[in-house]
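Protein chains: 4
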Amino acid sequence: MQETINVAIIGASGYTGLELLKILTVHPRFKIRYVGTSEGGEDIIAMHPSLKNVVSGKAEKSEADAIANVASLAFLALPHQASMGFAKKLLALGVKVIDLSADYRLTQSVYEAHYCPHEDPLNLSHAVYGLPEFYRKPLASASLVANPGCYPTATLLALVPFLPYMRPQAPIIVDAKSGISGAGKKPNPVTQFVSINENMMAYNPLSHRHEPEIKEQLFKHGGEQKQICFVPQLIPVTRGMLVNAYVQLKESIDPIAVLEAYYANEPFVRIRREPVSLKATAGSHFCDIFAKEKEGVLFLSSSIDNLLRGASSQAVVNANIMCGLDEYMGIPTLSYVP
Amino acid sequence: MQETINVAIIGASGYTGLELLKILTVHPRFKIRYVGTSEGGEDIIAMHPSLKNVVSGKAEKSEADAIANVASLAFLALPHQASMGFAKKLLALGVKVIDLSADYRLTQSVYEAHYCPHEDPLNLSHAVYGLPEFYRKPLASASLVANPGCYPTATLLALVPFLPYMRPQAPIIVDAKSGISGAGKKPNPVTQFVSINENMMAYNPLSHRHEPEIKEQLFKHGGEQKQICFVPQLIPVTRGMLVNAYVQLKESIDPIAVLEAYYANEPFVRIRREPVSLKATAGSHFCDIFAKEKEGVLFLSSSIDNLLRGASSQAVVNANIMCGLDEYMGIPTLSYVP
Amino acid sequence: MQETINVAIIGASGYTGLELLKILTVHPRFKIRYVGTSEGGEDIIAMHPSLKNVVSGKAEKSEADAIANVASLAFLALPHQASMGFAKKLLALGVKVIDLSADYRLTQSVYEAHYCPHEDPLNLSHAVYGLPEFYRKPLASASLVANPGCYPTATLLALVPFLPYMRPQAPIIVDAKSGISGAGKKPNPVTQFVSINENMMAYNPLSHRHEPEIKEQLFKHGGEQKQICFVPQLIPVTRGMLVNAYVQLKESIDPIAVLEAYYANEPFVRIRREPVSLKATAGSHFCDIFAKEKEGVLFLSSSIDNLLRGASSQAVVNANIMCGLDEYMGIPTLSYVP
Amino acid sequence: MQETINVAIIGASGYTGLELLKILTVHPRFKIRYVGTSEGGEDIIAMHPSLKNVVSGKAEKSEADAIANVASLAFLALPHQASMGFAKKLLALGVKVIDLSADYRLTQSVYEAHYCPHEDPLNLSHAVYGLPEFYRKPLASASLVANPGCYPTATLLALVPFLPYMRPQAPIIVDAKSGISGAGKKPNPVTQFVSINENMMAYNPLSHRHEPEIKEQLFKHGGEQKQICFVPQLIPVTRGMLVNAYVQLKESIDPIAVLEAYYANEPFVRIRREPVSLKATAGSHFCDIFAKEKEGVLFLSSSIDNLLRGASSQAVVNANIMCGLDEYMGIPTLSYVP
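Residue numbers (our numbering), protein chains in the order written: chain D, 1 to 338; chain G, 1 to 338; chain V, 1 to 338; chain B, 1 to 338.
There could be a bad hint or two in this list.
Because identical chains cannot be distinguished in the list, a pair is counted as satisfied if it fits within a single copy or across any two copies.
Only pairs whose alpha carbons sit at most 25 Å apart, straight line, appear in this in silico PhoX-like list of lysine-lysine [what the hints assert, rightly or not]: (1) K250 / K292; (2) K292 / K52; (3) K61 / K186; (4) K294 / K250; (5) K58 / K186; (6) K89 / K61; (7) K137 / K220; (8) K250 / K226; (9) K292 / K215; (10) K88 / K31; (11) K31 / K61; (12) K292 / K226; (13) K220 / K89; (14) K250 / K186; (15) K52 / K185; (16) K294 / K226; (17) K292 / K89; (18) K31 / K294.
Simulated from the structure, these hints should not be mistaken for laboratory data.
Turn these sequences into a full structure, and let the hints steer you where they fit.
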């Protein structure tokens, strides 16, 4: 019998916290030893009634020392800005951290231009961006992982293989759609059923904070600044994300062949010959990608579960890699179809 | 008291036929004298139970002579290809025709490249494209109107005002989303509830037949061939259409000001300073448009009801113009909100 | 040309307020002269963007004197308890009142048992219950109308015709389902999209405050106390209400014949020979009813639009009757199908 | 390492077939050796694209001999009537059968009154009804299991504990709601998205074929004929089932205490103190039950996943019991929340 690895979930009341609970409670090697919330004291079943007879116990007030006593790795599902203060303490106590917020995803200057002054620049400088297909090697020795945003995950997995073929200077259009769970659990007028049912609309067009994240990662892979025109939209589904990208090419290519070659050894990226759908990935860690070219324009469409591949299952893959486990141990493969 | 104008609805069993029944049954001047289906004999209430106590009578087998006996204008809500044979006969009998199919929307060569040989080239040559904001004058004297497609309506109302500002050669990206009613009433695996609920996907990307329609109309307005990259998508709502277009500009502009000037006297085009939503137009004839520019790329988003502004209410506006009535007589203004 | 009747809508920011705005703005005789909210000063279009180019102007802070200066009739779409204080003042100033809250629906003792002390017992004693099919005559001379709840409207229209046939003592089961708009506009965790999409659940089973309203009305019609077991449920649709009732019969009857005879002259009650559906009535004032009997148990199913027949269109019908207009002037008949 | 047990899934193209594929492909002991369809030859991924990189291979034309060669147990996800012919052959060849159709659920005379002449009365006489909480013991030695219907499963788990407390003679009202996946995969007008979205309606009220199934099982448990008034309804969700039952009691009881005592040792029946919701069970094998009593009437509400507890996961629990495995081996516990 193999040793268990004790982990903590901090920020367990939200949607990504719930998904972490679901994955880790059946994970063969990780054992949840600490479930943290801002207040502490809540019965986990009262927070998440669907977990009755699956998980039990109470949440604890999130405190770094207490966590370090029982866990060697912590998942932080905290709001942006709150996260970095907490991560800093945990790292100082020797706890590995996977941060699901934006706090360690960007270089300091870009972060500060879009968010706020950074409180932990030292750790920021060695954080690894947790997109496993691209950063498998540095992840293996990382103590701090910046788990990518959902939009950047779906966008980068589609775009990166085509960087060598893109016309320089031409803008990249990213028309993205997210299920409502991406907006978080806190009630607000926009996420009311009556507001979004039978409805759809863009929000923060050309000014969403995932745009610089995409841009920076493309630069890291391609060595060239790209203009990204990123328009996110809310659609009336609970979970799922569909990202369409439009790219101008230098030359004509067979885009399916490019994708199949690039992801030949990646079991969780599925190249599709028909346009991808939300539901085929919802509930799983898969990213499905479709591509088609016409008259020099490449159309890409990728689909992920925003809460899993876009957050929690990606976090667990990163944890598996950091701990030397099989990369896909305990990762959900069965989508919510039908 | 003003004289009534007798009209026929041919193809009354489908969704656009139902919308025509709803609008025309409360229209102050048009009187429905003939409700035609392919078989004839159905009780209208059995076809459309929601119309009980509103409309009554039976459908008749669609026959041109019988229609010409009782009506001076006919709305054809027939499938592509079936429509032109029927329109030809009605026109020969002196009945004005508003054709909701694609049969008279395109020049002959383009039509035949995307559909089939055209059976009525003579009438095609003088058909007027029924987008009232652009063709009000020729519509006033038209005997045959080609009612535009839903995607072209939403796309053209957004794009046309910006033709003078577009960078030549640069492709125009059109990422469009339609409610499922746009796929028609006939059961098929894709439009099953289980297939599309909590789901979304592109179909016919870069090869949909509305692409040449958009292209031809842009050419008529701008005098220049444009590359259109058109990707339609199905979203899990019954009605509504959201079209996002991405355009490269020659120079920086204030796009809201451009739109407000262009549509200053158009009561059914509403310029929005926040991204448009599906529901604000669903149930009405309005087209809502939002625009934003960044670094030389213009983002446009327009919203219409696919069955009304995209089909049946636009047909009735065209009929109003053709008959010298007030352009907006009997046109729905109250959307399905909440 | 006929004289207009000036009216006020108090509580215009909510869903029933919006529906009143939509109906009254196109009503042939009523003219909206006062749109009141609790704060006042909001642009109506900012509150209800879908009304752009349809309604204009600003809301005013709701004040009885100002209303009495410009309107002879007021619709109160206010919360329970807030309404009675306001109605009392308006009535004293000679303004007719249609109250959409629960404040005047129940006898004083029953009201106080389920809500709070009643502040206006004098007016309560002469308020007329605004279910037009049952109270047409007293409504004609009423100055204060208690507009019924949505659940009681759908339930009573189905049950009342069968009162003579019911087994005494046997409980009446009412299993009712409401669209989410019935829960009002204020954001809360239960009405979030993620909470209710793909979901359904009962709330306040056997203890909802519409139960005594149904009971009291059945007593008024049948002269006998009935046991009502009322279970309301939320379903993932925006609007619409389906009420199933189960009744034990004294003897075998033909329930469709009973309904058709009872409602022979009622154009807005449609007796159906197939089970009723939500959508056939949503968007309209219709109430659809189906009935079937087996082995002494009668199954009834009725469908209404919770915001129209269950609130705002019923209020306007009541206003029409109170003002001597045609009962169905300006009342919506076209449902949101497809 | 423990021996695998080879199984066949016959009828793999439908929704319950897909759920069987999903459960069995990750089951620790069962190994799928035969995937049968009526035609055979389909690529499994083409039938169920969401299974790409999870399952592979081709379906085979369903033939009893070929199945008996490779599998010792078969799951039949076939239409009613087709199933019994096939089961008969498999049983003769020594293959254990779990039949998901209605063919072995009823006594012969009741079956023939509601379906058709029975072709396999011999096996029918020893088939075990596969509701594990009630028939655990006979299931352990069964060779043929009749997997219960979805409606009966949810209804019986709620009703059976209360049989001792029911007033004799009084009818039991069952108002049931099912997600659309319960209607199967074949396109038809009722299950179109446009037909059922924003809609809800009863079907086959008081005459659905699950009514005699419920009745017969209640008789087996209680020794007394009950009158069941069963009204099924379609709701606009993909999966999930909510059953409300209304029962008249002989005496006052604490219904939650009754349930908690009855199911004290049943991990997959969860007694709830708040009304149950669809989503808390969808995706899992759990059955959630809520109960409340008032004035002699008991309200029960139970929730299951119609495709899992109502079909496929229940079938695998039965298979586990028949094969002497841990009853809940490989059974899904994590619901589709959020």
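Going through the hints against the structure:
no.	hint	in the structure
1	K250 / K292	within (15 Å within a copy, 28 Å between copies)
2	K292 / K52	between (46 Å within a copy, 20 Å between copies)
3	K61 / K186	within (19 Å within a copy, 30 Å between copies)
4	K294 / K250	both (12 Å within a copy, 24 Å between copies)
5	K58 / K186	within (21 Å within a copy, 31 Å between copies)
6	K89 / K61	within (15 Å within a copy, 52 Å between copies)
7	K137 / K220	within (15 Å within a copy, 56 Å between copies)
8	K250 / K226	both (14 Å within a copy, 19 Å between copies)
9	K292 / K215	both (23 Å within a copy, 20 Å between copies)
10	K88 / K31	within (23 Å within a copy, 48 Å between copies)
11	K31 / K61	within (19 Å within a copy, 45 Å between copies)
12	K292 / K226	both (21 Å within a copy, 19 Å between copies)
13	K220 / K89	neither (29 Å within a copy, 63 Å between copies)
14	K250 / K186	neither (45 Å within a copy, 43 Å between copies)
15	K52 / K185	within (20 Å within a copy, 31 Å between copies)
16	K294 / K226	both (21 Å within a copy, 14 Å between copies)
17	K292 / K89	neither (47 Å within a copy, 42 Å between copies)
18	K31 / K294	neither (50 Å within a copy, 45 Å between copies)
Hint compliance for this structure: hints 13, 14, 17, 18 are not met, and every other hint is.
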